[in-house]
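A.B. asks: Each chain, written out:
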Amino acid sequence: MDVKEYRRRYEAELAAASPEHPASFAGSPEAATRHAAQLGLVSGSPPGESIPALLATVRNPKETVLARDAALQALGAATFLGEDFAPYRVEFLDTMRQLAKPDTASQLREKAVAVLAAEKDPDIQGMLQRGLRDPQSALVSAGKALQLLTLDYHADVAGLAEEVFHKTDDVATKEAALRVLATNANSQDLLAKVLGDKSQPRALRALSATGLHSVNPQRFAGIARNIFMDGSDYEDIRATTLGALASAPEYQALRSDSTFLDQVRQLGAQTSLKNLRAAANRLMSNQ
Amino acid sequence: MNVQIDITGTDSQGRVFLTWTPVQATAQLVGGPAGGSVDVVLSSAGTVGGLVFDTVRSDHGAASLPLSLPGSGAKVPFWIAGEFQKPSSTYGDAVVQATDKGNGNHLGSKAVMVRIRKNAQTLPAPERDRFLAAVGALNAQGQGAYRDFRDMHTAATTREMHGNVGFLPWHRAYVLDLERALQAIDASVAVPYWRFDQPAPDVFTRDFMGEPSVSGNIVVFRPGHALEHWMTDGLPGIVRELLFGLNAPGNVIDEANTFKLGGTGNNFAGFRRMEGNPHGSAHTSFSFPTSPISFVPSAVRDPLFFMLHANVDRLWAKWQWVKHRADSTDPAAFAQANPDRIGHRLADTMWPWNGVTGNPRPPTAPGGPFPDSDVTPAPGKTPKVESTFDHLAVKGGNPLGYGYDDVPFELPPTVVAGGP
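Protein chains in written order, with this note's numbering: chain A, 1 to 287; chain B, 1 to 420.
Mixed in with the good hints, there may be bad ones.
Said to hold, decoys possible - For the chain A half of the interface with chain B, some residues (derived, Cβ under 7 Å), not all of them:
| hint | residue |
| --- | --- |
| 1 | Met1 |
| 2 | Gln73 |
| 3 | Ala77 |
| 4 | Leu81 |
| 5 | Ala118 |
| 6 | Thr168 |
| 7 | Asp169 |
| 8 | Ala172 |
| 9 | Ala176 |
| 10 | Ala182 |
| 11 | Thr210 |
| 12 | Ala244 |
| 13 | Ser272 |
| 14 | Asn275 |
Just so you know, these hints were derived from the structure itself, not from any lab. The beta carbon of each residue, even a glycine, is placed where N, CA and C say it ideally should be.
Isolated chain B (complex conformation):
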């Protein structure tokens, strides 16, 4: 007799990647007593990643859950999520275990991963190296799909994503697009964020994103490093000159002051000014414009761009959580486009994933439609601005399939446990 556990979002290789968002699952008895039932306990039995369970979709799951499983083999539903602040390091270090409540016998288990975006400064070396290997493979010394990401963010395309209200939604989709491309190479990878308002000396090293060179030319990597042969725009290497000390933060306002931009009403119209500071200031915490990351048309030459923008996105996600602004229908959660421009209204599909080209959109649309994920159907192949709002699906529906180590899943005050 054993227990089979099935979890929504299982990929084609039978793997499950969870975030903090509860997903539906079922447990069924195989080979159980006909006409009877067995009381089991589901528990989190992994070495690193933690799991929580509940019978309804809630934000207060527990580390164990008793279930009565019929001998008929009928499936019994439950909800499972990653335990907040206990993300995985590698696939399989989070485990659902089923135990016979009566005699303690092990009846089955399923290894999964709680895959979460983490602070790059404290990222363990094995996770760091897997991320770097995937980024290096995506670049493939200038021959790989990274070129599409580079082509999406140029002077010619800047109105699609800068200086207007669509800045945060567009970049959320952009980072997620890249992350899914990395996960197609190594499914265990999540984009780490560079927390630019805190010192990050372990990020700017030969083992991670490169040590600033004495000559001011390209950063120095340890020999054999996955990014040692980085190439974009026909140029090898990454030029990046820091204008802050290695043991100092970037030249930005901090998180608390970023949140104050929303004013006493916690409005997006105010919050979005973070595009200037800390976002623009983070970019120009490096020598402007000789460090490509400091200049809009060249910023994506440097892969640090995506770690910078993961932090920008994390700030938005955290503001949305703490100020209850994840609902796109809430007038305070977004703002009118100013000037009114396509791609910056809630119902607009976003370039380039919509494939639309020609004035007023850019002349080309690199990269094709938004990539699918086995984990979730969101945001779809042609995401709209509004599709990006609720990354953890706190209001229901489908999450975007990622989470941050310091932004929890919490049901908003208007949604009760067991809701959609």
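Isolated chain A, as found in the complex:
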């Protein structure tokens, strides 16, 4: 490709490009988001100039929920402006506190609670934990509360997470709880149990594999080996545990386990499952 010709064509493309038109609010939520993003960050404006207008839209109860939500999303983009956003940060967080109330539309409330949780606001963290203990007072669902509490990785909610895990039948909520427990050393018995239980949903067993490897690699290696060698377990969970072994630091015991390595080598050569083969090859290449 001749570079001069490439330039000529590209410059023609640029010249022909139409200016970005703000999408209509009457369109889809995606279009509204796009509009708000452009409203907030319009070319030709100094960075941050539109932030006051966006804050006003978010606070205004006469605006539609859709418009307020789109403005909030645009403010999220504006937080990436660093020092240009800094003068508005206090007002932004105050606005979030105003929205984090039970009578706010759920779409806005959840987002406001999430912002405050991400900012490690202790009041919101307290509210989320209270909501887990007393669902009647919850601002968001249990699964969402656990997810938001993990935005502050110093928050210690393992006890609550374990309670939630045992109380609920909802897999998504169990997954959120298990994610919190995944690196808690006191949860290794639960993680080992879930990992070894063929009746558990795959997503939970996979999370348990990651978690158990993190808190007790040797115990994980033993269970993973047994799962892998058990021809009656699901192919996908065998692939998952093999993948965990392949991308983790070395396990001395397995490196000298010729029966295991032979099985891995054989499986890598014979399986039609691409990812199982790839995991087997990755593990063998780490030997």
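Starting from the structure of chain A, add chain B where the hints point.
C.D. replies: Below, chain B alone, put in the same frame as chain A:
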């Protein structure tokens, strides 16, 4: 009799990784006729990667080059580069071949790689999987060096790289730092870019960066996937909820409109507003702030961050090319820091690679000095803001050792072929 080919930037294992930037090379006859010479032709003979040659440093190399090689074995210099828009898929699929011009005999060859950052949406599966395997190994389920990259981009460090003119140079260095860490695991890897102003349905899949989960929790990977056991900040999995349809672009302004930010003068002062849109808008094309990538302090929990920023960097690189703004001494190619802040002036070294800690810099400097590369000495262990400007070294000097599939090497109007 054979021809030996040596190329600048050959690594310790004898491998050569090229981009679009011409590099110096030599050809010499071994076992040739004493007192005579042999006419040879160098040509590009690979199956995928293409090469171009010239006798001077130029932007119009050809697929073949005749050379007369003395029988004495004296080295004859030439220049070699990857042929634009013909990158490699794997090491060795680009080949320099030397042929006797007189009788057509094969006299020698050298397998190399034209290693280029590509659009993630169209990345072939083998390249995708090598990239993912390297990223997974770098993370090592939370125990690996990815932690340093995570620690570089937090609330406490944000003034080093956001909201000021150093945003683009810093992130260019950051992505390159990670890429070199990946290449230390697998030298054939380059960071693919997520072109967020176009649909990318093949990126958000179980085979690539994860399929959004129905529950809104962690993304779903195919069992055995290299990122299935991803862990950062003590948490497994990647939470990422898309706010755009899989067959739609992110909620951003497109490339052409991004370039218009520079105004009629094509000034960096205007262009840098892309930090808000499309950059910030790309980050918040995912649920804010529950998707970590949508929030500055947590964004690097999600490895998609680096593909997003590879595209941000590609936009800067492409703007620099098409508007001739790769020269850091050009007043329109950069802008005054506002507010004036260390780390955002051309001659400033950049944290964390400079190892400087304590107010006004962050309290720690994770990761150590900038990693070396066998391919190029640039940007050095403590890069300055200005060191990042000319990634292909169109003005001369040393390139940064990477390129994009849609940003060519073109000499600026002020530099003639054969120049520095």
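A.B. asks: If a hint holds in the structure, say so; if it doesn't, say that too.
C.D. replies: Taking the hints in turn, this is what the structure says about them:
1. Met1: holds (5 Å)
2. Gln73: holds (6 Å)
3. Ala77: holds (4 Å)
4. Leu81: Given a least distance of 5 Å, the restraint on A/Leu81 holds.
5. Ala118: OK, holds: A/Ala118 within 7 Å of chain B, min 4 Å.
6. Thr168: Since chain B brings no Cβ nearer than about 12 Å to A/Thr168, farther than 7 Å, the hint is violated.
7. Asp169: At about 14 Å, which exceeds the 7 Å cut-off, the nearest Cβ of chain B leaves the hint on A/Asp169 violated.
8. Ala172: Result: holds, 3 Å to nearest chain B Cβ.
9. Ala176: holds (6 Å)
10. Ala182: With a closest approach of 5 Å, the A/Ala182 hint holds.
11. Thr210: holds (4 Å)
12. Ala244: A/Ala244 check passes; min Cβ-Cβ to chain B is 5 Å, inside 7 Å.
13. Ser272: This hint is violated: A/Ser272 lies away from chain B, its Cβ roughly 13 Å from the closest one there, beyond 7 Å.
14. Asn275: Holds, because the Cβ-Cβ distance from A/Asn275 to chain B comes to roughly 3 Å (cut-off 7 Å).
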